[in-house]
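K.L.:
Protein chains in written order, with this note's numbering: chain A, 1 to 93; chain B, 1 to 520; chain C, 1 to 123.
There's no promise every hint is true.
Think about it this way: if two alpha-carbon atoms lie no more than 35 Å apart in a straight line, the pair counts; the simulated DSBU-like pairs of lysine-lysine are [what the hints assert, rightly or not]:
id	chain 1	residue 1	chain 2	residue 2
1	B	K306	A	K22
2	B	K165	B	K362
3	B	K497	A	K22
4	B	K362	B	K264
5	B	K497	B	K165
6	B	K362	B	K504
7	A	K22	B	K362
8	B	K497	B	K264
9	B	K264	B	K306
Only some residues are given here: those of chain A computed to face chain B with a beta carbon under 8 Å [stated by the list, open to error]:
id	residue
10	L5
11	H24
12	G65
13	I70
14	E72
15	S74
16	I84
By construction, these hints were calculated from the structure, which means they are not laboratory data. Idealized CB from N, CA, C, for every residue including glycine.
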Amino acid sequence: MIHALAIALACAAFLMLAASMKRHQRDLVGRAVPEPRARLARIAGWVFIAVCWSLEAVVLGPALGTIVWIGELSMGAWLAIAFINWRSGRPTR
Amino acid sequence: MKDSLRQSMALFHTWSGLLLGWLLFAMFATGTAAYFQDEITRWMQPEVTGSADPETSAQGAVRYLNTVAPDAISWYITLPNGRSATTQVYWQPGDGTRGKRGETSAVLDQTGRAITVRETSGGFFLYRFHFDLHYMPVLWARYLVGIAAMFMLTAILSGIVTHKKIFADFFMLRFGKGQRSWLDAHNVTAVIALPFHLMITFTGLVTLASMYMPWGIAANYASPAVFQEQVFGREPAAERSGRAQPLVDLAPLMRTASAEWGGKQVGYISVTNPGDATARVLITRSPGAAIAARGETAAFAGATGKALGGHTATGAAVATESVMIGLHTGRFAQWGLRWLYFLSGIGGTIMVGSGLVLWTVKRRTRLPDPARPHFGFRLVERLNIAAIAGLATGIAVYFLANRLLPADLAQRADREIDSLFLAWLAVGLWGMVRPAGRAWTETLALAGACFAAVPVVNALTTSRGFAASIMSGDWLFVAFDLMMIALAACFLQAAGKVAQHRAKNASAPPRRAARKAVSQ
Amino acid sequence: MGIYTAPSVGVGVTVMAIKAQSGERSTVGRANVAARLLAAIPANYLLTSLATAALARLLWRGLGVDPANASVAAMLTSFVMFSVLALVAFGVRSALRLWLWMIGAGAVLGAGLWLSLASGGRL
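Pulled out of the complex, with its shape left as it was, chain A reads as follows (with noise of 0.2 Å):
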């Protein structure tokens, strides 16, 4: 259960720091995304990225949970990718 909300949080981290780059931001948002806005979504990218390591390691101690946390990583990169994927669709890049 913990997995899976770790895996969600890791995605929805990496879904922002993909939004804070310019070029996904038309797939994901819609629209350009004004700076200001980038920034914030690449702050919160990294936020979830730590309260997700914290999580773990509350929860399993640091060693066992930096372990698991990576895993979870790859998971939710996995996962934000073929959202990504999903919503691009487009014939090239």
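Using the hints provided, position chains B and C relative to the given structure of chain A.
P.N.:
Using the frame of chain A, we list chains B and C on its own:
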């Protein structure tokens, strides 16, 4: 200037990756399966049900060993953990001979009876294959595997130098976009699990480090045995006194040891000079109970049960090594983390596989005559088919053989393994004689069909088919069937994709399509 | 190890890569590749072995780490040394300078190791 560094690293990455890529693919695939080696073994022993209690199992193992090998030099007992239900025992015969495999080892249930029906190596074989290979001396295999791992490490590092942009292109993977998507698949599987890949490759080297780089130990120790004794507390066995004295009950010793380690479970027990007054019991902590792989030990006098003091290797470097080995084997991982390990391993397998395919995809467009490639290109193409589709088919056939070979066949475990390699060889040969494009479709489809057959054959030959397993809540069997179906779907889909791609290429003028693809 | 000098890196291999691609495989190009391969694999292993042994001695005799941990620490470091050196062998501009550096480093490490072994034995 920076570009030239990247170019030379790219060249290095391509060739170091290709040269041992096939072996690495097999290591990654079987190593990934090995994260579930206990579960695979349970699936391959459908007659063994329920769970086993470690203490009862230890007592049962002692009863068995007392009848089979009372005068052995030593006994080794691997106890069941939460995931397995059987006890592995191994003994060194008293006459000092080294018996053939199978004659000095046995698999027991918790009452100490040898399990003889449907003899199998189970998931253990896949685990051992990923660093011992097969049909060759273990020593050679381990050197070969070490060389491959070293290439992998340099390939990863040079890959990072080459593709610094991949971090910025992190979200750029696009599925199913022809040749570009091979590169995307390679990059994304590499980048997403980069910490895993670096960790698994480095720690893999560390597991056999004293073989690959013995000079650090040789510099400080005239004999490796002294080092072993200092780090692992292994003492040379005492001479038998000749005074017979029965072994004390192991269960209280296990409880004492476990309590000493803060409740961590016992994993292994070894007994030297069993049945003698000089008998010594060494109890080792289960590798599943902590991240560090090298468990604490506790020693007891076998005749009296008196504690002889334990041994815990100390020091930062030794502890680091132990944690690294633990990280590699992942024995400490609970269900969630175990699946993360497994999925990361699959990612690594795809990374190596897509890298191998990428080599041919990139070069095909540059061939002087794409219809008639030169020998080296054809060789790589065929070896890719053999390595990827062949191994997959082999593993599926290994599972099928487990269900289809007669349950009481002589040397059954070896026959199961033979069938894996026969299937692998057959697919490899098939790939050699057929046109490459068609061979890909056919062999991938064959691998898919074999995986799809596993749940069917399981349902027909055992009473633990998919429906029955769901009814009885036997999630291990359910998950195994589902995994087989998922693998079947992936391979069949891949076969379909290749067929589609070929049909498209056949209708389009090949040269133009090729030139467009190369300008990336 | 000091071989890696940023601005001059990587030209040699690139030149030979371009040559190989254009189909003009000169003897010089081949010798260059062979020299780098020899440096990156067998010579690298020798040098890394020497460095590992020397580091194990240094940690134990010089810095007072207990011998077991000194040996293991050196062993763990060795894989990093080997892989970085392999990359450097293909990255630096001049194969000749690479070899000179490696031979020099090997001589220094070998001499140090020999002195250390001669002055205080092994366990």
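K.L.:
Is the Cα-Cα distance between K264(B) and K306(B) 35 Å or less?
P.N.:
Judged against 35 Å, a Cα distance of about 20 Å means the pair holds.
K.L.:
Quickly compare the C-alpha distance for K165(B) and K362(B) to 35 Å and report which way the hint goes.
P.N.:
holds, 19 Å
K.L.:
Interface hint check: I70(A), Cβ to nearest Cβ on chain B, cutoff 8 Å. Holds or violated?
P.N.:
holds, 5 Å
K.L.:
Hold the hint about E72(A) up to the distance rule: shortest CB distance to chain B must be less than 8 Å.
P.N.:
At 7 Å from the nearest chain B Cβ, E72(A) passes the 8 Å test, so the hint holds.
K.L.:
Closer than 8 Å between Cβ atoms is the bar; does G65(A) clear it against chain B? Give me holds or violated.
P.N.:
Status violated, d = 10 Å.
K.L.:
Decide if the proposed pair is consistent with the structure: K362(B) and K504(B), CA atoms, cutoff 35 Å inclusive.
P.N.:
holds, 18 Å
K.L.:
Can the restraint linking K306(B) and K22(A) be considered satisfied, given a maximum Cα separation of 35 Å?
P.N.:
violated, 71 Å
K.L.:
For a C-alpha distance cap of 35 Å, please report whether K497(B) and K165(B) respect it.
P.N.:
Within the cut-off at roughly 28 Å; holds.
K.L.:
Is the interface hint satisfied for L5(A)? The criterion is a beta-carbon contact with chain B at less than 8 Å.
P.N.:
The hint is violated - L5(A) has no Cβ within 8 Å of chain B, the shortest such distance being about 11 Å.
K.L.:
Are K22(A) and K362(B) close enough, with their CA atoms no more than 35 Å apart?
P.N.:
Holds: K22(A) and K362(B) sit about 30 Å apart, inside 35 Å.
K.L.:
May I ask you to test the interface hint for H24(A) with respect to chain B, counting a Cβ-Cβ separation under 8 Å as satisfied?
P.N.:
holds, 6 Å
K.L.:
Taken at face value, is the distance from the CA of K264(B) to the CA of K362(B) at most 35 Å?
P.N.:
violated, 52 Å
When each numbered hint is compared with the structure, violations occur for hints 1, 4, 8, 10 and 12.
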